[in-house]
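Visitor: The lines below spell out each chain.
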Amino acid sequence: MLQYVTINIDGALIRAVKGTSVLDTAIEYGVCIPHLCHVSYLSDFGGCRLCIVEHVVNGRANVTASCTLNVQEGMVIRSNTERIKKLRRNLAELLVAQAPNSRAIQDLALRCGVKEVRYPFRNRNCVLCGRCVRACTELWRARAIGFVGRGKNRRVDYPLGVHPDFCKQCGACVQLCPMTITPCEGPMKPGQERLCGKCESQLLSADQTPDTCGWCKLGEGFSCGRYA
Amino acid sequence: MPKLNTFRDLESLRERLREDRRKITARVILCGGTGCQASRSRLVIEAVKGELAKQGLDQSVQVRVTGCHGFCEQGPIAIIEPGNIFYCRLLPEDAQEMLSKTVRSGEVIERLLYTDPVSGRKIQTESDIPFYRGQDRQLLSRNRELDPRSIEDYIALGGYSALVKVLESMAPEEIIREIKASGLRGRGGGGFPTGRKWAECREAPSEEKYVICNADEGDPGAYMDRCVLEGNPHSILEGMMIGAWAIGARHGHIYVRNEYPLAVKHSRIAVQQARELGLLGENLLGSAFSFDVDITRGGGAFVCGESTALMASVEGKVGEPRPKDVHTVVDGLWHKPTTLNNVETWANVPSIILKGSAWFASKGSKGSKGTKILALTGRIKNTGLVEVAMGTPLRTVVFDIGGGAVNGRRIKAVQIGGPSGGCLPVEKFDLPVDFDVLAEAGSMVGSGGMVVMDEASCMVDVAKYFLTFLQDESCGKCVPCRLGIDRMLEIITDITEGRGTPEQIALLEELADTVSQTALCGLGKTAANPVLTTLRYFREEYDAHINRKKCPAGVCSALITYAIDADKCDACGVCIRACVHGAIQGQKKQVPQIDFQLCRKCGICRSECKSEAILVN
Chain A
1 MLQYVTINID GALIRAVKGT SVLDTAIEYG VCIPHLCHVS YLSDFGGCRL
51 CIVEHVVNGR ANVTASCTLN VQEGMVIRSN TERIKKLRRN LAELLVAQAP
101 NSRAIQDLAL RCGVKEVRYP FRNRNCVLCG RCVRACTELW RARAIGFVGR
151 GKNRRVDYPL GVHPDFCKQC GACVQLCPMT ITPCEGPMKP GQERLCGKCE
201 SQLLSADQTP DTCGWCKLGE GFSCGRYA
Chain B
1001 MPKLNTFRDL ESLRERLRED RRKITARVIL CGGTGCQASR SRLVIEAVKG
1051 ELAKQGLDQS VQVRVTGCHG FCEQGPIAII EPGNIFYCRL LPEDAQEMLS
1101 KTVRSGEVIE RLLYTDPVSG RKIQTESDIP FYRGQDRQLL SRNRELDPRS
1151 IEDYIALGGY SALVKVLESM APEEIIREIK ASGLRGRGGG GFPTGRKWAE
1201 CREAPSEEKY VICNADEGDP GAYMDRCVLE GNPHSILEGM MIGAWAIGAR
1251 HGHIYVRNEY PLAVKHSRIA VQQARELGLL GENLLGSAFS FDVDITRGGG
1301 AFVCGESTAL MASVEGKVGE PRPKDVHTVV DGLWHKPTTL NNVETWANVP
1351 SIILKGSAWF ASKGSKGSKG TKILALTGRI KNTGLVEVAM GTPLRTVVFD
1401 IGGGAVNGRR IKAVQIGGPS GGCLPVEKFD LPVDFDVLAE AGSMVGSGGM
1451 VVMDEASCMV DVAKYFLTFL QDESCGKCVP CRLGIDRMLE IITDITEGRG
1501 TPEQIALLEE LADTVSQTAL CGLGKTAANP VLTTLRYFRE EYDAHINRKK
1551 CPAGVCSALI TYAIDADKCD ACGVCIRACV HGAIQGQKKQ VPQIDFQLCR
1601 KCGICRSECK SEAILVN
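Chains A and B, in that order, give the protein sequences. Position one of the first sequence corresponds to residue 1 (my numbering), numbered consecutively onward. Position one of the second sequence corresponds to residue 1001 (my numbering), numbered consecutively onward.
The shape of chain A in the complex, shown without the other chains:
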């Protein structure tokens, strides 16, 4: 039998299933916490840090990722304070500067309130969200791809760089990859990267009700949780 706990997210008392994460509970309830590496049917590893929230313990607000934080009775969570919004904006800015060539990342940056990018663009093909790696490992137990290297040399690759015959060709990695969704006006050429901001109209409602899921375009094809 399911056990329930009551937690407080942004002042709303929410009945949550014991053992689920704060992020899952929030999405279920319609509280929008932006996230990138979280996919509802995969394990969470807390890589993108976009889903950070303030977890209030003994009057002190700790910043922590909500996808790896399990619900507990009486927990107090603040998902949309000025502090969190600023941190989240800075993180999204880092991501979009790294990989502007994706509608998913561009939308996410917009959703997190990025108005300008203060770093030189890099136009990389991967943000190492690890969705593909976890899908391959957890959905099929194939382990045909994994993380290789450390730090700035970290990349997703086949074992020893060779496409293995135990790859089941399922395509789950491609389907979940945020980088396969190109910007609306086609891929950006090197040197022409920008913050596109085209989908602002879609997010207008989200701006007015900042912590509510507005069924925005972000979820389309991107398994944000409500769409998946």
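Because the hints were derived from the structure by calculation, they are not lab data. Don't take every hint at face value.
[What the hints assert, rightly or not] Here are the simulated BS3-like pairs of lysine-lysine, each with C-alpha atoms no more than 25 Å apart in a straight line:
no., chain 1, residue 1, chain 2, residue 2
1, B, K1324, A, K86
2, B, K1525, A, K86
3, A, K18, B, K1324
[Unchecked claim] Residues of chain B clear of chain A, computed beta-carbon distances all greater than 10 Å:
no., residue
4, F1429
5, K1589
6, F1596
Predicted, not measured: the structure shown is a model, and the values here were computed from it. For each residue, glycine too, the CB sits at the ideal point set by N, CA and C.
Since the structure of chain A is already known, use the hints to place chain B on it.
Guide: Using the frame of chain A, we list chain B on its own:
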């Protein structure tokens, strides 16, 4: 040696060993630590042994090869008993003279004594050397009293009596109360109260629990854990046994980095010896306590010093941290409650049990008790391992023990706590070595690395160095650490190469703050400290780089030019020959000229010039 089956066996063995040792009066204590081995102490040790046999002294004089004494820059070190005569910078050729004069007749060889760089005096005994005099050596002083490869030495010195005491007369709760009362805090960097950690782990519900000793020390320039593990491995084993008994664990791991071959070897020998004597294993010494230790070698990742990454590594997975919303005392190694402590923390445990918590708490400051080993390096006269009571001001460590600056330069700052620590300016040198006070100042005690910097160090360059280190060592799992450090380094590189703009300082501050708040593990959370503290205390250097495009310390090569002072130059021509780029030209007996098109600002000419005629602008 026969297996010990009761506490009584251990005590009688101890009596017998002490009796044997009382007969020996003359000893040559030679340092065999890694520092001294780098100065070829192995040759000295062999020469001394060979010479003893030749002079027929090998029966009456004992040679003891010990772990590190802390004063590694003076190695190889020897101490001769009786008389406690301290010789340093020995060569194999000195063995013959040392034995025939000092050992045979107690005559002191002036030439081999230590010369105090401050006063120029020759000093005969260890306790009179200023470097040692200012210290409070609780852990390090034991290194000279025992051979790390001999469990007999450790037992004769009273080793494993703390273990006997807890097994005989202390309940686990009582041990934890004692550790709590002593105020011992984690020596690895975090400074978490050890007693509280143990209590939480004891309360965690599980049949199986683990203790881990973290010897994956990776901070540049820091080697206190290596020194303790190499020099006195049994004290760590004993500490772990006491901890395991207190929390209810039956199994322990020592995670030691493979780059410390001697520490790996000595801890393996120690575990082997303890097993043979029955100090590890089932129902050890006839008590209800069973415990064994495995040694796991680290593969060279700095991030594996982080507790969750370390546990992943022990489990055989990739050494990456995981979120710690549930602490490792509840969900640690193999998802079982695990107590992980640093080498130094474990090494402190036996003496707390033996001498009592009040003794330990009598040392140190209000919030930080006991002593701390610091690895003192940089631009000072005496470098090495320094053990001081917590609460000792930084000034005492740098100026009294370290002997102050070399070459008459002014000391500018000290970097404490390794790459995660911060730089404190000389005005802050009255701050004590204290977990809370240093954290408030933006730095941290950390593992205890202390790098002293003088006027010739550029603080922007220092921040760049540590960011480069952390960028290499970040595991790359989370965005703030992987991309944040990368971007911070990008901005700082811009600043040091003259492309900096005033807006970048604000961006750097904001980014540093974001990284420290949102990163997944301790490495990322503290990665911004070098940037934040240099920005806080040395803002004028950043401004000079950005606004005036000058590097005040003359380090950042893009912002400096070399010139030749015609008044000082004696036209010797050394610089012309030294310049590998052919950028200095000149005729005989004329002041040479620098061709700025060719000059790569490597600084070789400056270091070669005898008359200090090469100027940096």
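Visitor: For every hint, state whether the structure bears it out.
Guide: Going down the list of hints, with the structure as the test:
A C-alpha spacing of about 23 Å is found between K1324 of chain B and K86 of chain A, which places the hinted pair at or below 25 Å, so the restraint holds. Our distance criterion of 25 Å between C-alpha atoms is met by K1525 of chain B and K86 of chain A, whose separation comes to about 17 Å. A distance of roughly 19 Å separates the Cα atoms of K18 of chain A and K1324 of chain B; the hinted pair therefore holds under the 25 Å criterion. The claim that F1429 of chain B lies off the interface holds: its Cβ sits roughly 31 Å from the closest Cβ of chain A, which is beyond the 10 Å cut-off.
Residue placement check: K1589 of chain B keeps its beta carbon more than 10 Å from all beta carbons of chain A (closest about 52 Å). With a least beta-carbon separation of about 29 Å from chain A, F1596 of chain B lies farther than 10 Å from that chain, consistent with its non-interface assignment.
When held up to the earlier numbered hints, the structure conflicts with none and fits them all.
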